[in-house]
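*Asks:* Kindly produce the complete structure, drawing on both the sequences and the hints.
These protein sequences, in sequence, are chains A and B. Basically our numbering = 1-based index in the first sequence + 2. Basically our numbering = 1-based index in the second sequence + 144.
Hints listed in this document are in silico derivations from the structure and should not be mistaken for laboratory results. Treat the hints with caution; some may be incorrect.
[Claimed, not checked] Derived BS3-like pairs (lysine-lysine); straight-line CA-CA distance at most 27 angstroms:
no.	chain 1	residue 1	chain 2	residue 2
1	A	K116	B	K150
2	A	K62	A	K116
3	A	K62	B	K150
4	A	K124	B	K150
5	B	K150	B	K189
6	A	K124	A	K62
7	A	K116	B	K189
8	B	K189	A	K62
For clarity, every value in this text was computed on a predicted model and none was experimentally measured.
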Amino acid sequence: MVELTDNPICTDQITAQVTSPQCGAVVLFLGTTRQLTDGRETVTLTYTSYAPMAQSEMEKLEDQARSRWPIGECVLIHRLGEVPVGQASVAVAVSTPHRRDAFEAASWLMDRIKELVPVWKKEHWATGSTQWVHPGMTKNLEDGTLQ
Amino acid sequence: MIIRIKLFALAQDLAGAEEVTLDVAPGATIETVREALANQVPELKSMLVSCAFAINNEYATTSSPVEPEDEIACLPPVSGG
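*Replies:* This is the structure in structure tokens:
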């Protein structure tokens with residue numbers, strides 16, 4: 003199950019969705035908004051997406067994970083809009099018969115989400131400035147302008 | 145032929161638009177699109193080398209051909225999670 007949502011991520015609901023009598027292991031990973039990055043303070047993050055493609059890329063990842071591991075249930079959720087410090091922006095949950103597969107599948111899914119799914123975060127720093135996060139871009143880009 | 149390119153995140157801010165319309169020759173590829181986009185919106189030039197492109201919700205390569213009815217998207221390096 004794949005979802006993009008503007009609402010807070012409900013972990014009880016996700017855990018219930020992936021828990022299965024055929025599975026002895028449930029792994030739930032949450033990516034949460036961190037307050038400090040390299041000594042700079044974040045107030046909040048805002049997320050935007052290319053929604054149709056983000057949805058289809060996440061569905062492909064679920065299919066690929068199911069072909070690699072004996073997954074019972076799988077939930078991938080990315081929150082969009084504002085995600086304040088301490089709240090979850092992404093959830094990856096899988097259940098498998100045994101724990102090693104659940105750990106491996108969840109880790110693989112999270113890595114692929116960060117690499118492939120067209121979602122972008124914007125830092126809102128405590129200083130009042132904002133900055134799109136575009137990993138690997140060489141220019142120092144801040145407040146939407148080239149410096 | 146006329147094609148439309150969707151922009152996101154910093155690319156959208158720099159261009160000041162969610163979408164840009166380009167006139168490219170028939171047979172154009174993503175590489176052609178990248179060059180035409182840089183020429184039409186010079187503010188994007190320095191970041192386009194870092195951007196991926198998608199055609200109809202699928203990642204494209206530089207040699208992928210584009211058609212007027214395609215939904216083409218310029219995707220800066222992603223940062224979900």
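*Asks:* If you check each hint against the structure, which ones fail?
*Replies:* 8
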